[in-house]
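Peer 1: Let chain A serve as the given structure and place chain B on it in line with the hints.
Number of protein chains: 2
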Amino acid sequence: MSRLTIKDVAKAAGVSFQTVSLVLNHPEKVAPRTRELVQAAIDALNFIPNVAARSLRNISTRTLACVMFNGSSYDERSERTQDTHYHNVVQTLTRAADRAGYTLLQRNLMREDEASLVYVRDLFLAGRIDGMIAMVNRAGNPVVSELHRLGYPCVVYGMADPACHHVVQSDRQAGLAVVEHLYRSGCRRIALVTGPQKDHQPGKSREQGVPTSSEARYFGYLDGLEKCGLTPRPEWVVTGDWSLESGYRAAAQLCHQAERPDAIFLGNDRMALGALKALYDLGVKVPHEISVVGFDNMRYDDFSIPSLTSVDAPMLEMCEFAVKLLLERIEQRQEQRSQSADPAAAQAALVQKMFSTHLVIRDSTRPVM
Amino acid sequence: MSRLTIKDVAKAAGVSFQTVSLVLNHPEKVAPRTRELVQAAIDALNFIPNVAARSLRNISTRTLACVMFNGSSYDERSERTQDTHYHNVVQTLTRAADRAGYTLLQRNLMREDEASLVYVRDLFLAGRIDGMIAMVNRAGNPVVSELHRLGYPCVVYGMADPACHHVVQSDRQAGLAVVEHLYRSGCRRIALVTGPQKDHQPGKSREQGVPTSSEARYFGYLDGLEKCGLTPRPEWVVTGDWSLESGYRAAAQLCHQAERPDAIFLGNDRMALGALKALYDLGVKVPHEISVVGFDNMRYDDFSIPSLTSVDAPMLEMCEFAVKLLLERIEQRQEQRSQSADPAAAQAALVQKMFSTHLVIRDSTRPVM
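From first to last, the protein sequence lines are chains A and B. Note that UniProt numbering has the first sequence beginning at 1, numbered continuously upward. Note that UniProt numbering has the second sequence beginning at 1, numbered continuously upward.
Excised from the complex, chain A in its bound form (with noise of 0.2 Å):
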């Protein structure tokens, strides 16, 4: 992704750089056919002139971006579309953000390389946008890290980042409810399906590094299992990709060992609609052989056979507060600027909410003894 720059434009004028920055700038200190000429150059190259869009008229276009960096929204395996937890997010905060007057862009970014960090900066630079929300699925994005050290306004949802602005759910606390509920209801054999190793680690300490939401719901559950008593067993994680399909490998998998679970807890809903369907084609009765635990309580949830039993985030609370956060930045940083703040100063003051979790329980695991 190689930019054109105002050298560019001045090759192609036959002017020197200076010129062309004083047409942006200041058209009226420069003679009309010179103008005339730069002008012709930059219609030519299809130049935009971000620094002249910038500081000719300083207008907010009320945007936001949501990016997502190595990842995708969309289901590459098939040309079907599919309801996941990131569309559901982009929809929430795209309604946050018509609440609060904003239009919101989204945009996936498959690397956290210079060319991402360009064309995200370049977003800015040219007025398209005047804050970013991050989705990331590890701490450290060195593409959020710059552009926040730069001081672009910048929130990271969804991933504890200690370095940024975020806004979090209490993914390990879920996963010591989960395994406390399903063991008071009699399941003494408790399985997991996490993410896959992009978004989890295999082999990460608990004590070790930021957590991924996978990650720190694998966390709560080995909290889980030592508070209730109970040895975790390697065989009895699988490894997932979140998708149905997964779920339904995942159970069948669990379903065929020489000790099998008597409950499996997903890391999200669509894995857990996907082991419903593993255990109902199987003939293994839910909840009453195999208890089902997903994550993300969508609303499809009411409606599975049976329905099914998942924890909630206060994702509507979450997009708002994000987006709140966002604009509060934003706006510290238009102060700021008119007011030559120091931004050192600013960054210190970093905004971190974790938002609680509660589990829905309904048919897919047995009632409390």
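Hints were generated in silico from the structure; no laboratory data involved. Check each hint, because a few of them may be wrong.
[Said to hold, decoys possible] Pair by pair, the computed Cβ-Cβ distance ranges are:
1. A:11 - B:115: 38 to 48 Å
2. B:32 - A:44: 29 to 39 Å
3. A:100 - B:36: 28 to 38 Å
No experiment lies behind these values; they were computed from the predicted model shown. Beta carbons: idealized from backbone N, C-alpha and C, even for Gly.
Peer 2: Positioned in the frame of chain A, the structure of chain B alone reads:
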């Protein structure tokens, strides 16, 4: 939504509106003191000088808008967002736009009034969008018609509006195919669950006006009954609202009728999944006692219990076609502007494409005898 004009700026600055226009378009011709006065008024009013933005630099922001009229992608009854056909279309359009190097903005406009027209026109005038894909719930939406008349690139998605470029699926043929399939599998008492009244005008005849998707599916259902020699029964046509809940209620209502249907065709998959749950709760066996057919062929259909027979429309192909068509209109408009061609000539050549649907047969319908 009262829009600011340069007259408001002129009043606030205590100058004539011609002076404001001059400041916006030819600042070099205005005395510095006057320029400052006008700029201060612009800042104070947060006025966005569309005309200036347009005429100063004819920059493409490479952004398209997807605008939904008279509907909402949000589930207003609940904080839990959900997988709707609209979300899927937006996601698929986003992907198609992405591939073409464009960003897609998403907007819901609850009305078809002057304010909505001004809102979208301003997006065009301010250079914030290059084109619009409109999702409408009836043909002849006045906002879309007027924008089209004014020469702004617009494509209607999902509605066969005769006055606009559009992309639709063959809803009527699909309704016919569903009834024929059910008939061949031995069903004789075939019920239909439609969309809500805002999307489906009861009593509209097959020859009258342009049908909505829901109406076209209903007409296809009537065609199918006729072809199979079955008599339409008004009590077997129930109004739903596209939600899981309404499918549940409609199926329960149909089950409690004196003469119970032996098949239910629901206008979308979400209602069909709600119906499967209602039949499960009532102990009615699917498909042996009642067959169930949905519409949209969502990814979940493989995993419902039993898996759901559903109508598939080539959404990805449709979205890619819609984006391609829109980009061609945008290019055409840019050429016209540079050549001062006759805009009426271009409008004569409407592109209107209907995509075929096909029935994906799964376990919620009986095999053909």
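Peer 1: All the hints need checking, so say for each whether the structure fits it.
Peer 2: Outcome of the hint check:
A C-beta distance of roughly 47 Å is found between residue 11 of chain A and residue 115 of chain B, which places it inside the suggested range of 38 to 48 Å. Between residue 32 of chain B and residue 44 of chain A, the C-beta spacing of about 32 Å keeps the proposed range 29 to 39 Å intact. A beta carbon spacing of about 31 Å between residue 100 of chain A and residue 36 of chain B agrees with the range 28 to 38 Å that was offered as a hint.
The structure fails none of the hints (numbered hints given earlier).
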